[in-house]
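4 protein chains.
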Amino acid sequence: MPRFEPKNPDYRAVATAMFEQQRAMKTLGISIARLEPGEVDLAMDYSADLTQQHGFIHAGIITAALDNACGVAAFTLMPPGAGILTVEFKTNLLAPARGERFAFRASVVKPGRTMTVCEGRAYAADDGKETLIATMTGTLMALTSREGASPEKGVRRSLIG
Amino acid sequence: MPRFEPKNPDYRAVATAMFEQQRAMKTLGISIARLEPGEVDLAMDYSADLTQQHGFIHAGIITAALDNACGVAAFTLMPPGAGILTVEFKTNLLAPARGERFAFRASVVKPGRTMTVCEGRAYAADDGKETLIATMTGTLMALTSREGASPEKGVRRSLIG
Amino acid sequence: MPRFEPKNPDYRAVATAMFEQQRAMKTLGISIARLEPGEVDLAMDYSADLTQQHGFIHAGIITAALDNACGVAAFTLMPPGAGILTVEFKTNLLAPARGERFAFRASVVKPGRTMTVCEGRAYAADDGKETLIATMTGTLMALTSREGASPEKGVRRSLIG
Amino acid sequence: MPRFEPKNPDYRAVATAMFEQQRAMKTLGISIARLEPGEVDLAMDYSADLTQQHGFIHAGIITAALDNACGVAAFTLMPPGAGILTVEFKTNLLAPARGERFAFRASVVKPGRTMTVCEGRAYAADDGKETLIATMTGTLMALTSREGASPEKGVRRSLIG
Numbered sequence: 001m002p003r004f005e006p007k008n009p010d011y012r013a014v015a016t017a018m019f020e021q022q023r024a025m026k027t028l029g030i031s032i033a034r035l036e037p038g039e040v041d042l043a044m045d046y047s048a049d050l051t052q053q054h055g056f057i058h059a060g061i062i063t064a065a066l067d068n069a070c071g072v073a074a075f076t077l078m079p080p081g082a083g084i085l086t087v088e089f090k091t092n093l094l095a096p097a098r099g100e101r102f103a104f105r106a107s108v109v110k111p112g113r114t115m116t117v118c119e120g121r122a123y124a125a126d127d128g129k130e131t132l133i134a135t136m137t138g139t140l141m142a143l144t145s146r147e148g149a150s151p152e153k154g155v156r157r158s159l160i161g
Numbered sequence: 001m002p003r004f005e006p007k008n009p010d011y012r013a014v015a016t017a018m019f020e021q022q023r024a025m026k027t028l029g030i031s032i033a034r035l036e037p038g039e040v041d042l043a044m045d046y047s048a049d050l051t052q053q054h055g056f057i058h059a060g061i062i063t064a065a066l067d068n069a070c071g072v073a074a075f076t077l078m079p080p081g082a083g084i085l086t087v088e089f090k091t092n093l094l095a096p097a098r099g100e101r102f103a104f105r106a107s108v109v110k111p112g113r114t115m116t117v118c119e120g121r122a123y124a125a126d127d128g129k130e131t132l133i134a135t136m137t138g139t140l141m142a143l144t145s146r147e148g149a150s151p152e153k154g155v156r157r158s159l160i161g
Numbered sequence: 001m002p003r004f005e006p007k008n009p010d011y012r013a014v015a016t017a018m019f020e021q022q023r024a025m026k027t028l029g030i031s032i033a034r035l036e037p038g039e040v041d042l043a044m045d046y047s048a049d050l051t052q053q054h055g056f057i058h059a060g061i062i063t064a065a066l067d068n069a070c071g072v073a074a075f076t077l078m079p080p081g082a083g084i085l086t087v088e089f090k091t092n093l094l095a096p097a098r099g100e101r102f103a104f105r106a107s108v109v110k111p112g113r114t115m116t117v118c119e120g121r122a123y124a125a126d127d128g129k130e131t132l133i134a135t136m137t138g139t140l141m142a143l144t145s146r147e148g149a150s151p152e153k154g155v156r157r158s159l160i161g
Numbered sequence: 001m002p003r004f005e006p007k008n009p010d011y012r013a014v015a016t017a018m019f020e021q022q023r024a025m026k027t028l029g030i031s032i033a034r035l036e037p038g039e040v041d042l043a044m045d046y047s048a049d050l051t052q053q054h055g056f057i058h059a060g061i062i063t064a065a066l067d068n069a070c071g072v073a074a075f076t077l078m079p080p081g082a083g084i085l086t087v088e089f090k091t092n093l094l095a096p097a098r099g100e101r102f103a104f105r106a107s108v109v110k111p112g113r114t115m116t117v118c119e120g121r122a123y124a125a126d127d128g129k130e131t132l133i134a135t136m137t138g139t140l141m142a143l144t145s146r147e148g149a150s151p152e153k154g155v156r157r158s159l160i161g
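Chains as they are written, first to last, in UniProt numbering: chain A, 1 to 161; chain B, 1 to 161; chain C, 1 to 161; chain D, 1 to 161.
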């Protein structure tokens, strides 16, 4: 049973569309593996193009995926017509991002009318074993029509204004 | 006059080499614009391949660049033979990452034998105007031979162990 | 010349009153040393009652003071009638909080209609020498009448809802 | 069954002693409610002396308790003779700290030889109902004799050096 009741009956289509509009996700090879109200898993294969100096996936790439997992999870609980922005996030790197495949699991800790707080965890699958490699706590903000003529306009005017 | 005295006379070559070994930086089109002891500027052009759903650069990409700016800045002050790892960072997104070109400026706040704390700021240059779009505070860790037979081995064993 | 123009001509009286309503500040012996639009310095004397196991001031006390410095700095730029809440903050501890007297200096990095981001730095004065001991980045939220019948009511209903 | 195996058979006595040496905890009225390897619950009663401008417990006090919960949880897994320091933490405030009694629950996410990452959650008990009011992610550092002649000396020399 999902922990949260979505306000938007179309949450799945809307959240998936928002994800797919992000060209960065395609560039990084990140896809949605599971999507429930307030919970999202993303997946990414290893790519040498995304590595740091030791051959592991770069912490910034791990963070981009975690941020998106948090954003999509928060977005599933927002009302129809809302836009979404990341206010801030914090990542702890726990182990090298070494593996063939990576999973990014986010869930909403506290949904709110304006602000939603999410937590995410990144795992590396290496040789059949899964290791926790990073955690994120993130704050996401809903942009609704009260914030301007349209969420889009609100976004364009100012991220946190 | 630089604020910090590097322990490694070769800091410039070593930090540049570390940066260039990161294939993710090449994939994202990020380069070193300035490098001094404890201070680094990175630069990145706009690319539609790195955008989120509103056409701005994805917060995760901005974070990847800020993390690297902090890492290189910290690395310039580490002793010869050291490796470096990011322990954690925190990013606040202040304005949409809209622009033709982006600058990522990091400086060391507190260098330490084991841990170094850095701050970074990301700016978007749009139509001749520069806007602060994000801040980062990050903690970096030096891996020296005391941490294992070699920094490389220390890295491979465990990031924070 | 101050960097920011306050929206509330009474910002000084209002921010000071908000600070003085916080009984925790009196308990901890923290006072306002300087207050300008978007910038605040707080001061605290050493007290053995606030120490951790090594006799230094507890990191949580340092954080309470930094949080308040950030909150008051943000509050000086908010419109008349607004309430304020802390959304989140992040503290890095850089050196032991050892000294006779402590200063907490916060300034607004980005003021916004809803959200304001501040940075704070804590210094210990010990034997005439001042040492940077901690940094904070914090996100503060304005509660205005749009958020409910009154800021107070908004606060009571939900912090981030 | 505890998730972690302590390295110090005396972990309970040592962690309790470390907590009790912190005079700030006594001043704030915080006590240990439960202590297992890698897991700690602290408790605090409401006190008007610790409030902010709306009569709720100050976010900094909540943070001081969460920081200590994380620190004690991390400390239970450290080897005999180790000292401990907080490197950094991040707090999200989710709901007003309104209640008669507060609980602070921390658990180790990733223990390490040098660095340990913990997560904490703060709850307010109000009229028989428990509400999640804040989360923390914190990084703690072990100081062992390798860091200097004694942990104490290491602490006194520099927190993160």
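Among the hints, erroneous ones may be present.
Below, simulated SDA-like cross-link-like pairs (lysine to any residue); rule was C-alpha separation at most 25 Å, straight line [as the list claims (entries may be wrong)]: (1) C:K129 <-> D:R121; (2) D:K26 <-> D:R121; (3) C:K26 <-> D:K129; (4) C:K26 <-> D:A103; (5) B:K26 <-> A:R23; (6) B:K129 <-> B:E39; (7) B:K26 <-> A:R3; (8) B:K7 <-> B:A33; (9) C:K26 <-> C:F4; (10) C:K7 <-> B:A33; (11) D:K129 <-> A:R3; (12) A:K26 <-> B:A48; (13) D:K129 <-> A:K26.
Across the chosen pairs, the derived CB separations fall in these ranges [as the list claims (entries may be wrong)]: (14) A:G128 <-> D:K7: 25 to 33 Å; (15) A:R34 <-> D:L132: 51 to 59 Å; (16) D:R3 <-> A:A13: 19 to 27 Å; (17) B:G29 <-> A:K129: 47 to 55 Å; (18) A:A13 <-> D:D45: 43 to 51 Å; (19) D:D49 <-> C:R113: 28 to 36 Å; (20) A:D49 <-> D:P79: 37 to 45 Å; (21) D:G29 <-> B:D49: 49 to 57 Å.
No wet-lab data here; the hints were simulated from the structure. Glycine is no exception: its CB is placed at the ideal position from the N, C-alpha and C atoms.
Right, here's what the structure says about each hint:
1. C:K129 <-> D:R121: Since the Cα atoms of K129 (chain C) and R121 (chain D) sit roughly 37 Å apart, the hinted pair is violated (cutoff 25 Å).
2. D:K26 <-> D:R121: Roughly 20 Å between the alpha carbons, so the hint for K26 (chain D) and R121 (chain D) holds.
3. C:K26 <-> D:K129: violated, 30 Å
4. C:K26 <-> D:A103: Answer holds: K26 (chain C) to A103 (chain D) is near 24 Å, not above 25 Å.
5. B:K26 <-> A:R23: This hinted pair holds, its Cα atoms lying about 18 Å apart.
6. B:K129 <-> B:E39: Roughly 23 Å between the alpha carbons, so the hint for K129 (chain B) and E39 (chain B) holds.
7. B:K26 <-> A:R3: violated, 41 Å
8. B:K7 <-> B:A33: holds, 22 Å
9. C:K26 <-> C:F4: Answer violated: K26 (chain C) to F4 (chain C) is near 28 Å, above 25 Å.
10. C:K7 <-> B:A33: violated, 39 Å
11. D:K129 <-> A:R3: Roughly 18 Å between the alpha carbons, so the hint for K129 (chain D) and R3 (chain A) holds.
12. A:K26 <-> B:A48: holds, 11 Å
13. D:K129 <-> A:K26: violated, 45 Å
14. A:G128 <-> D:K7: 25 to 33 Å: Roughly 29 Å apart at Cβ, these two residues keep to the hinted range, so it holds.
15. A:R34 <-> D:L132: 51 to 59 Å: Violated, since R34 (chain A) and L132 (chain D) (Cβ atoms, about 24 Å apart) do not stay within the stated range.
16. D:R3 <-> A:A13: 19 to 27 Å: About 39 Å separates the Cβ atoms of R3 (chain D) and A13 (chain A), which means 19 to 27 Å is violated.
17. B:G29 <-> A:K129: 47 to 55 Å: Roughly 34 Å apart at Cβ, these two residues miss the hinted range, so it is violated.
18. A:A13 <-> D:D45: 43 to 51 Å: holds, 49 Å
19. D:D49 <-> C:R113: 28 to 36 Å: holds, 34 Å
20. A:D49 <-> D:P79: 37 to 45 Å: At 41 Å between Cβs, range holds.
21. D:G29 <-> B:D49: 49 to 57 Å: This hint holds: roughly 55 Å between Cβ atoms.
Comparing the model with each numbered hint stated earlier shows that hints 1, 3, 7, 9, 10, 13, 15, 16 and 17 do not hold.
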